[in-house]
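Engineer: Sequence:
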Amino acid sequence: MSSIYLENRLVVRGKTGERDVIPRVNCKAWIDRVLARRKAEGAISNDYLFVMPSGGRIISLGDQFNAVLEAGHIVTNTFDQKFTLYSLRHLYAVQALRKGISVYAVARNMGTSVEIIQQYYGSHATPVTFATDLRGNPPIFNGLHS
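Throughout, our numbering is defined as the position within the sequence shown, counted from one, plus 22.
Just so you know, the hints here were simulated from the structure itself, not pulled from any lab data. Please note: incorrect hints may appear among the correct ones.
[Unchecked claim] With a Cα cut of at most 20 angstroms, we get these calculated EDC-like pairs of lysine to aspartate or glutamate:
hint : residue 1 : residue 2
1    : K37       : E137
2    : K104      : D85
3    : K104      : E92
With these hints in hand, go ahead and build the complete structure from the sequences.
Structural biologist: Written as structure tokens, this is what we have:
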């Protein structure tokens, strides 16, 4: 589970052990609001970011995730495949690669190897990704960074 660590990092304790994760820029403000609301509701600890209504640790997110999908009428994708919690991990990896974030940085932030990112998500890399890797910065089109 996660806890705030320094200014812009999270410490995640996952199946591969404890590691730092760098969240997206707007994530810190959201986390601060969640923790402030929980404190106002009488939470004693910020050990867990996501908790049950009772404040206790979540054992499984599957049921809650499925309920959200059903409420939003988005249970399956365009290929009629059921969304899972893993779909969120896949979405993060694909979007990061398409934005030109290096395979190494994506792998490190996800707690996996470069080889796994290349194997499962490499086909989602774009010319922007390659230009970023080769040039060191995103390409500029009409005076604007893409």
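Engineer: With reference to the structure, classify each hint as holding or not holding.
Structural biologist: Hint check results:
For the proposed pair K37 and E137, the alpha carbon gap of about 18 angstroms is at most 20 angstroms, so the pair holds. For the suggested pair K104 and D85, the alpha carbons sit about 14 angstroms apart, so the restraint of at most 20 angstroms is met. Between K104 and E92 the CA atoms are separated by roughly 11 angstroms; this keeps the pair inside 20 angstroms, and the hint holds.
The structure agrees with every numbered hint stated previously.
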